[in-house]
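Asker: Sequence order for the protein chains is A and B. Per the working numbering, the first sequence runs over residues 12 to 494. Per the working numbering, the second sequence runs over residues 12 to 494.
A couple of the hints might just be wrong.
The list treats identical chains as one, so a pair stands whether inside a single copy or across any two.
Claimed, not checked - Once the Cα atoms are required to be at most 16 angstroms apart in a straight line, the calculated EDC-like pairs of lysine to aspartate or glutamate come out as: (1) 251 / 172; (2) 494 / 364; (3) 346 / 384; (4) 454 / 398.
Think of the hints as simulated: they come from the structure by calculation, not from any bench.
Number of protein chains: 2
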Amino acid sequence: MKPSIPKGTRDFSPQEMVRRNYIFDTIKKVFQLYGFLPIETPTMENMETLMGKYGEEGDRLIFKILDSGDYLKDAPTEDYFKEIGLDVGGFAEMFNELKSKGQTEIPLSKLINPKTLLPAISEKALRYDLTVPFARYVVQHQNEITFPFKRYQIQPVWRADRPQKGRYREFYQCDADVIGSNSLVNEVELVQLIDDVYSNLGLPVIIKINNRKVLSGIAEVIGEADKIIDITVAIDKLDKIGVDGVNKELTEKGIGVEALNKLQPLINFTGTTQEKLDFLKTLLAASEIGLKGIAELEYIFKTLSQTSNLKSQIELDITLARGLNYYTGAIIEVKANAGTLTGSICGGGRYDDLTGIFGLPNVSGVGISFGADRIYDVLNELNLFPESVAASTKLLFVTFGEDEQNYCLPLLAQVRKAGINSEIYPDSKAKMKKQMSYADDKKIPFVVIVGSDEMETGMLSLKNMASGEQTKTKIEDIINTLK
Amino acid sequence: MKPSIPKGTRDFSPQEMVRRNYIFDTIKKVFQLYGFLPIETPTMENMETLMGKYGEEGDRLIFKILDSGDYLKDAPTEDYFKEIGLDVGGFAEMFNELKSKGQTEIPLSKLINPKTLLPAISEKALRYDLTVPFARYVVQHQNEITFPFKRYQIQPVWRADRPQKGRYREFYQCDADVIGSNSLVNEVELVQLIDDVYSNLGLPVIIKINNRKVLSGIAEVIGEADKIIDITVAIDKLDKIGVDGVNKELTEKGIGVEALNKLQPLINFTGTTQEKLDFLKTLLAASEIGLKGIAELEYIFKTLSQTSNLKSQIELDITLARGLNYYTGAIIEVKANAGTLTGSICGGGRYDDLTGIFGLPNVSGVGISFGADRIYDVLNELNLFPESVAASTKLLFVTFGEDEQNYCLPLLAQVRKAGINSEIYPDSKAKMKKQMSYADDKKIPFVVIVGSDEMETGMLSLKNMASGEQTKTKIEDIINTLK
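The shape of chain A in the complex, shown without the other chains (with noise of 0.2 angstroms):
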């Protein structure tokens, strides 16, 4: 058997996890700058947690896990096969049906609906993102809570999806979230906030934002308000499909040619980010949800110019709407302003009412998720990733033999009470070749290297990998040196 595993999952070698940790790592530590502390919930859920909250594509998409120990315990019953007309005599009618038109292999589908097999062997599910967990642990622990709740949460998430290039079945989501405080100041800082990660990442982006009370203001100034989500979901698509391709979606959704035209302008509308909002202020006058939205939005951009000094472009992109139908205020999406992978890199949005599906209703919320898998391919594509994240120990030793090897040990004790990062060839008879192109290998930038010479001088030889230079030298120097 060769050994492999699942499709859409995958093994992080050395290298891979020390960049993945420094990415993991930064927005750690900026999500910590912001005053956010970290939780984590169990990888499984309850199956009733999850169902439902993702619509059918997404319940679909679950993964569920085998009760363990005897899990056909709760299998249908006598009763529910006649429910479908498959009672005892309705078996044998059945299978002498199949065989007399030749069927000879009779599928166990057949016999059992997986819809009502599943709840009877199954009562578990994987994880599918952080924010209903999120939202089922505020719910569960809210007499613990202090709110507004900061909270962050770095954990894999796992989806079936089909896997395809740069989509795993199994990847980590970063997500900060504020509940239980309306205050904008909550978007101003989550900008500021996504800002600092990607300057500390070194990497240009783009922030776009929009407002959902906008989009529904627009729904409703063109006279269509109970198609918003028709609406958005067409116009989000304004980068991939063009003008055109929005216009034919929507009178395909039934848009009728007077809305249309109302809503051209926007669609094509360029300008500075005041033009934009003195547009829309003028074109949303009559509705008083998309001039709430102009006033939030207002207030977000002023707040930010005067607080801070973004190093990120911030853009109000009226088209954006990512789809996501649980946002109720700002809509924020990050992308890459360098490199050829176009792909979101970090979205998030404010939702009003998260906690309601688990009985808790009226609790205002506001978060970011960061995908740490697409930041590693922009930062991989760009060659952003610092050259000191490099996995590797900083020094080994190299020894001819049991005796010198002894001599390495107390040494080597002594450079890692240092705290610097050192190993020795474990195999003291191996070639000085074979020790020193596993310093090659994995990248080690010094080797000591140890003879009788060495041994009786305690001068010791150390080389510089990089350069080739070797030089004789105490073992203080050396810990000096690379400490």
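Add chain B to chain A, keeping to what the hints say.
Answerer: Just chain B now, kept in the frame of chain A:
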């Protein structure tokens, strides 16, 4: 519906998270100090990678994942039903028979054999430990790996154990292994590493060491070489069931009186490490494998004493077997030397053929595994978490209105720029009391209070929440104080 999580799983609050991260970070730092590099493997492994590796009990405790999509597509066929005596006729007959006996509910398990159903509906499972996935990783990536390969891995594992106090269905393991080196230097280094981890955590421990070859030697010289497993399993329980209990169990397993008598001095022996080694040398003089084990132990103890100043107590314990039959050389176990919790908090050993099961024979490895949950419980009981390990930001801005908030936002940006974790209470209209109790609940040590006075003068009120002391000071001084 009251939200809940599956039995045996846990949510971790910010307070618990920072303490857990303190443990993980300490272990990680020492792993790296010793030249171990991180890898990660997927949460889901193919069923055949895991099944049969942990014994029958283990197979049962592995969490299986339902195939996504049409998971019944490969379900048993008619042929299978015939094979188990449930052919087309049989179905109806069985139903009728059950009905005639007054049974109205027919469990599906009567129709389907779970053992046959399982492979048809589940081909993936959750990681059960880190050792088997590591072996799979090494074989799968053997051409990319430089041997000896020193890897560490800190990830959760899942077991469908019956949940009970201190035992969870999801828990973290922290493993370090060297694979591809026979040198006993690795054993020496692992003991030093363990000592470093626990002294960094401030926890006094006892490190017990044994050698499987010595156990084999003992079984050999008492004339019961083929009962080595029974013997080690029994004497491993000495701590729990005492000498009489061990002898009783050995007798039940068919160990004769003569062999039992030969074993007594061994079980009862106490003394220094050297006395134990000398005693073993006499006892095992006739056993080649036994003497080899003694030589290995001698090397390890001698090299440890010559190389480093261990803070931990170290003990040769010939009753140590850890019940794990894949160890072939060193066996290591660590227990806290303080407090009431007696469980093992680290364990490991050498295994000569870990990757053989995946087709790469004769690769020797030695490794250890830290149990983060037990370490947490011990540190908690002994109050050993440093005070600095607290889930908290350092500074909160408290304001009395929107103007004050706007005034503070650039100051907050300045404080964060200096790397100080800080936040502002987002709702500027919240009462002072509410904002202060937010700081209290979150254990934020410093609060800046800004009203109209402070805005005029630039002299901010800094309150030390622990002492209650309040001073007027500039933002630059606050930054210098907290940095």
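Asker: At 16 angstroms max between alpha carbons, let me know whether residue 454 reaches residue 398 within a copy, between copies, both or neither.
Answerer: within (12 angstroms within a copy, 38 angstroms between copies)
Asker: Treating 16 angstroms as the Cα threshold, decide for residue 494 and residue 364: within, between, both or neither.
Answerer: Answer is neither; intra-copy 52 angstroms and inter-copy 38 angstroms both fail.
Asker: When no copy is specified for residue 251 and residue 172, does a C-alpha distance of 16 angstroms or less occur within a copy, between copies, both, or neither?
Answerer: neither (22 angstroms within a copy, 50 angstroms between copies)
Asker: I want to check one pair: residue 346 and residue 384. Are their C-alpha atoms no more than 16 angstroms apart within a copy, between two copies, both, or neither?
Answerer: within (14 angstroms within a copy, 39 angstroms between copies)
The structure does not agree with the numbered hints 1, 2 stated previously, though it agrees with the rest.
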